[in-house]
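Q: Required output: the full structure, derived from the provided sequences and hints.
If you read the sequence shown in the UniProt record's numbering, its first letter stands for residue 1, the second for the next number, and so on.
Keep in mind the hints are simulated off the structure, nothing from the lab. Any given hint could be a false lead.
[As the list claims (entries may be wrong)] Straight-line distance between alpha carbons at most 25 Å, and here's what the computed DMTMM-like set of lysine to aspartate or glutamate pairs gives:
#: 1; residue 1: LYS295; residue 2: GLU386
#: 2; residue 1: LYS193; residue 2: GLU183
#: 3; residue 1: LYS295; residue 2: ASP185
#: 4; residue 1: LYS281; residue 2: ASP185
#: 5; residue 1: LYS32; residue 2: GLU504
#: 6; residue 1: LYS652; residue 2: GLU254
#: 7; residue 1: LYS295; residue 2: GLU342
#: 8; residue 1: LYS529; residue 2: GLU290
#: 9; residue 1: LYS192; residue 2: ASP322
#: 10; residue 1: LYS343; residue 2: ASP286
#: 11; residue 1: LYS161; residue 2: ASP180
#: 12; residue 1: LYS192; residue 2: GLU279
#: 13; residue 1: LYS281; residue 2: ASP714
#: 14; residue 1: LYS193; residue 2: GLU173
#: 15; residue 1: LYS652; residue 2: ASP14
#: 16; residue 1: LYS343; residue 2: GLU200
#: 17; residue 1: LYS190; residue 2: ASP322
#: 18; residue 1: LYS403; residue 2: GLU386
#: 19; residue 1: LYS193; residue 2: GLU290
#: 20; residue 1: LYS519; residue 2: GLU296
#: 21; residue 1: LYS190; residue 2: GLU279
#: 22; residue 1: LYS197; residue 2: ASP714
#: 23; residue 1: LYS171; residue 2: ASP322
#: 24; residue 1: LYS519; residue 2: GLU200
#: 25; residue 1: LYS192; residue 2: GLU173
#: 26; residue 1: LYS519; residue 2: GLU280
#: 27; residue 1: LYS125; residue 2: ASP273
#: 28; residue 1: LYS652; residue 2: ASP714
[Claimed, not checked] Pairwise CB distance ranges, derived in the manner of DEER restraints:
#: 29; residue 1: LYS59; residue 2: SER397; range: 22 to 32 Å
#: 30; residue 1: VAL637; residue 2: LEU413; range: 34 to 44 Å
#: 31; residue 1: SER404; residue 2: LYS59; range: 13 to 23 Å
#: 32; residue 1: GLY496; residue 2: GLN327; range: 53 to 63 Å
Beta carbons are placed, not taken as given, at the ideal position from N, Cα and C, and that holds for glycine.
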Amino acid sequence: MFGWIPVLYKISDDEVLASAGLDAFVFLSFYKYAINFLTITFFFSLIVILPIHYVYTGKYGYPWDGRDGNSSEFSHLYRSRRGHITAIGDKEEPKTDPTYLWMYVVFSYVFTGLAIYLLVDQTNKIIRIRQQCLGSQTTMTDRTIRLSGIPPEMRSEEKIKEFIENLGIGKIENLTLCRDWRELDTLIHKRKKVLQKLEEAWTRHVGYQPKRLRKRFHGDNAPGSALDRVDEEGETTALLSAEEQDHVPDFAHERPSVRLWHGPFKLRYRSVDAIDYYEEKLRCLDETIEATREKEFPPTHLAFVTMESIAACQMAVQAILDPSPMQFVASLAPAPGDVVWEKTYLSRSERWFRSWSVTFVIGFLTVFWSVLLIPLAYLLNLETIEKVIPQLADALSRHPLVKSLVQTGLPTLILSLLTVSAPYIYNWLANMQGMISRGDVELSSHGFATASNFYGFWENLRDVFKDTTTVAFALARSLETLAPFYVNLIVLQGLGLFPFRLLEFGSVAMYPFHLLGAKTPRDYADLEKPPMFNYGFALPQTILIFIICIVYSVFPSSWLVCLFGLIYFCIGRFIYKYQLLYAMDHRQHSTGRAWPMICSRVIVGLLVFQLAMIGILALRRAITRSILIVPLLAGTVWFFYFFSRTYDPLMKFIALRSIDRDRAAESDESPTPTSTLSPPSQWERDSIPLRLRGQDLAPRLRKYVNPNLILPLDEAWIPGTAHRANPITALRNSSEVV
Numbered sequence: 001m002f003g004w005i006p007v008l009y010k011i012s013d014d015e016v017l018a019s020a021g022l023d024a025f026v027f028l029s030f031y032k033y034a035i036n037f038l039t040i041t042f043f044f045s046l047i048v049i050l051p052i053h054y055v056y057t058g059k060y061g062y063p064w065d066g067r068d069g070n071s072s073e074f075s076h077l078y079r080s081r082r083g084h085i086t087a088i089g090d091k092e093e094p095k096t097d098p099t100y101l102w103m104y105v106v107f108s109y110v111f112t113g114l115a116i117y118l119l120v121d122q123t124n125k126i127i128r129i130r131q132q133c134l135g136s137q138t139t140m141t142d143r144t145i146r147l148s149g150i151p152p153e154m155r156s157e158e159k160i161k162e163f164i165e166n167l168g169i170g171k172i173e174n175l176t177l178c179r180d181w182r183e184l185d186t187l188i189h190k191r192k193k194v195l196q197k198l199e200e201a202w203t204r205h206v207g208y209q210p211k212r213l214r215k216r217f218h219g220d221n222a223p224g225s226a227l228d229r230v231d232e233e234g235e236t237t238a239l240l241s242a243e244e245q246d247h248v249p250d251f252a253h254e255r256p257s258v259r260l261w262h263g264p265f266k267l268r269y270r271s272v273d274a275i276d277y278y279e280e281k282l283r284c285l286d287e288t289i290e291a292t293r294e295k296e297f298p299p300t301h302l303a304f305v306t307m308e309s310i311a312a313c314q315m316a317v318q319a320i321l322d323p324s325p326m327q328f329v330a331s332l333a334p335a336p337g338d339v340v341w342e343k344t345y346l347s348r349s350e351r352w353f354r355s356w357s358v359t360f361v362i363g364f365l366t367v368f369w370s371v372l373l374i375p376l377a378y379l380l381n382l383e384t385i386e387k388v389i390p391q392l393a394d395a396l397s398r399h400p401l402v403k404s405l406v407q408t409g410l411p412t413l414i415l416s417l418l419t420v421s422a423p424y425i426y427n428w429l430a431n432m433q434g435m436i437s438r439g440d441v442e443l444s445s446h447g448f449a450t451a452s453n454f455y456g457f458w459e460n461l462r463d464v465f466k467d468t469t470t471v472a473f474a475l476a477r478s479l480e481t482l483a484p485f486y487v488n489l490i491v492l493q494g495l496g497l498f499p500f501r502l503l504e505f506g507s508v509a510m511y512p513f514h515l516l517g518a519k520t521p522r523d524y525a526d527l528e529k530p531p532m533f534n535y536g537f538a539l540p541q542t543i544l545i546f547i548i549c550i551v552y553s554v555f556p557s558s559w560l561v562c563l564f565g566l567i568y569f570c571i572g573r574f575i576y577k578y579q580l581l582y583a584m585d586h587r588q589h590s591t592g593r594a595w596p597m598i599c600s601r602v603i604v605g606l607l608v609f610q611l612a613m614i615g616i617l618a619l620r621r622a623i624t625r626s627i628l629i630v631p632l633l634a635g636t637v638w639f640f641y642f643f644s645r646t647y648d649p650l651m652k653f654i655a656l657r658s659i660d661r662d663r664a665a666e667s668d669e670s671p672t673p674t675s676t677l678s679p680p681s682q683w684e685r686d687s688i689p690l691r692l693r694g695q696d697l698a699p700r701l702r703k704y705v706n707p708n709l710i711l712p713l714d715e716a717w718i719p720g721t722a723h724r725a726n727p728i729t730a731l732r733n734s735s736e737v738v
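A: As C-alpha cells, then:
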C-alpha cells in the first residue's frame, strides 16, 4: 500500500526535471524551500521560543492554553482604537517581565534573514538549471519572438522580414503574420456542433455499448475479426475483413428524426431524417470551410518571427526595436501548440479593455470575498455571537462539544471549501483577458487567486479605514485571535484534504455524472483522458499556508504552527510529485516563470510578519522594540525592489552567455522541418499536445499557424466502426505543408 513512497522518494530532482519539465521542478522546489525553512524555524521555536514563553508567561502555546480560556496570549489585554486603550477581558493580566519581548525583535531579524537567504539560494539554483536547459536547446519556440504593435503600413511578411534583418541581429527562418481568421474559426466551431449532433444521431440509431464493442474488437484474435493493426508508417488503423464489410448489423433503433421549424414566427415544423439532415449540413459546411481557407484574410498587428539562432531571438526580445512608442514590441513567444489562436486577432484596444475589466472585477470580487468572510470570523468569538444571536450563544454555552465544533471545525471547513472553489472563478476570468498563451492564463489565474486567500485582517477593516495608523494594531489583534483557527486550517489541509488530492476525489466523484452525460464514442474516449494539473489551482493555497507559518513563527503557538506546516509541506511534496510524474497531465510550459511570482508573495508574507511583530510589541507597550523592527521592514522593501530588478530578468530570458553555440551550429545544418506536424519529443518545448475540437492529437504543431487552416476535417465517429480521419495521414496525402 505504501510501497510507492520509497520509490518516489528516490526519484531525484534531475529525473523530475527530465520527465515533468521546468514547471514541475520549480513547483516542487517551493515545497523543498518551505521544508528547509520550517525545519529550522521549528527547531528554534521548540528549543528557544517555547521555553522563553513558558518561563515568562507560563503557557505552552496550545490553542486551549490560557487561564481565562482564551487561546491568545494578548487578545484579552488591550484594544487600541483611535488613541485610547480599553480592557477586553473580565480579568486583568498578571504583570510579567517584558524582557522576553526582545525575543520578538531578535527572531524577526533571524527568520527574515533565513527566509531571504534560502530564497536567494534556491533562486540561484533554479536560474542555473533553467539557463543550462534552455541555453542548450535549439527548439523553434526558443528561437521565436512575438512581435506586436505592427503598424498598418508594415503588415506584410516581406516588410517585416526586411525590418528585422536590417536591424543586424540575425536572419529570419520563418515568419507568420497573424490574420483575422474570425470567419474561419466561427465555421469550424459550427462544424464541431453539427458533428456532435450527427454522432449523437448515429449513436441513437446504431446503439453504443462500450464494453460489448471493446470485447468484440479487442477480445477476439481470430482471423477475419476487426483488429487494431499498425501500418508501415507506425500509425494505428482499424481494418475490417471483407466478410464484416458485407455484413450489416441489426440496428438498435429506427433512424432518428429532427424537427425543422418554418413559417411565420416559426410556428410550423416538419420532421426529417436526422442523420441525412446533419450529414448534408456537414457537407455544406465542409465546402464552405474549404472555400474560406483559400481566402486572403486581413492582417493584424501581431506576428510570430522565428530567427535562425537563439542568440538573435534573445537580443530581439531584450532590446527596443523601434523608436516609436508601442510599435514593434518584441516578447518571448509561447509554443505553437500553446497559442490561443482565437485571441491573436483581437485588437490592442480590445485586449486592454478586457484586461482592465477583468482586473476591476477581480478587485471587486476580492473585497466582496473578504466581506463574506467577516461573518465567518465572527463565529470564532462567542461574545460576538451573543450580541447577534443570543439564543445560539446560550445553546453553545450549554453544549461545549457543539461550541468547539462551531468555533473551530466549521469556520475551518467553510474557508477551505471557499479557497478551493475561488481559483476556478479566477481561472475563468483569466481566460477572458484576451491572453494568447494558455501558460500566461495559468500564471494570471495564480496571481489573482493568491490575493483573496489571506483574510484575517478583514475583521478590523472598518477600523483601518477610519485610521490608517491602526494597520499594525488591527493585524496584531486579528492574528492573536485567529491562531487556533489557522492551526486547524493547516491540520485540515495537510492531514484531511491531501489524501483526497492523492485519490483525485474530484475526478472520481464527477466521473459518474460525466458517464451519464456521455452519448457518443468521442464522449467515452474523453472519459479516459487523465486529469489536468493546473498550477493556478495548487499554488495559491500552498503559499497561504507558508505565509501563515512565517507570520506565526514567533508567537507562543509557533512550534505548533511550524510542526503542522512542516507536515503539510512534506506530505504535499510527495502527493504533487506523484501526480506530476504519474497521474496527471500538464500541457502548458511556462519554463518556470512562476518562481518570481512565488518569491514576490513570500516577500509580501515577510512584510506581513514584520508588521505583525510591530503591532504586537506596540500592544505590549514596547515602543522601543517595535521601532527597532522598522529598519527591517524598510530593508525588506528594498530587497523586494532589488530582487525584481536583478533576478526576475534571469527567470524570463536566456542569457547570451548561457547559449550553447556549438549545439546551435549543429542545428543550423538541420533546420526546422518543413512538415507542419511531427512526432513529439520529450525535451522539446515545441512538443505541447495540439488540442483540436476537444481532442488531444498525437502530432505536435511545429509551425506557428492556425490549425483550422491546415488540419483535415475529421468525419463522424460512428459506433462499431473505425470511421475516423487520421490527421497525419490526411495531411501527408494532401501534401498540405507550410
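Q: Do the alpha carbons of LYS529 and GLU290 lie within 25 Å of each other, as the hint requires?
A: violated, 31 Å
Q: Check whether the Cα positions of LYS519 and GLU280 lie no farther apart than 25 Å.
A: holds, 22 Å
Q: Holds or violated: LYS519 with GLU200, Cα cutoff 25 Å?
A: holds, 6 Å
Q: Need the status of pair LYS192, ASP322: alpha-carbon distance at most 25 Å?
A: violated, 42 Å
Q: Against the 25 Å threshold, does the CA-CA distance of LYS125 and ASP273 hold or violate the hint?
A: Status violated; Cα separation ~65 Å.
Q: Compare the distance between the alpha carbons of LYS281 and ASP714 with 25 Å, and conclude whether the hinted pair is satisfied.
A: holds, 15 Å
Q: With the threshold set at 25 Å, check whether the alpha-carbon distance from LYS343 to ASP286 stays at or below it.
A: OK: LYS343 and ASP286 at ~24 Å, within 25 Å.
Q: Check whether the Cα positions of LYS295 and GLU342 lie no farther apart than 25 Å.
A: holds, 18 Å
Q: Given the proposed pairing of LYS652 with GLU254, does the C-alpha separation stay at or below 25 Å?
A: violated, 60 Å
Q: For a C-alpha distance cap of 25 Å, please report whether LYS190 and ASP322 respect it.
A: violated, 41 Å
Q: For the pair we were handed, LYS295 and ASP185, check the Cα-Cα distance against 25 Å.
A: holds, 13 Å
Q: With the threshold set at 25 Å, check whether the alpha-carbon distance from LYS193 to GLU173 stays at or below it.
A: violated, 38 Å
When the structure is compared with the earlier hints, violations turn up for hints 1, 6, 8, 9, 14, 16, 17, 20, 25, 27 and 28 and for no others.
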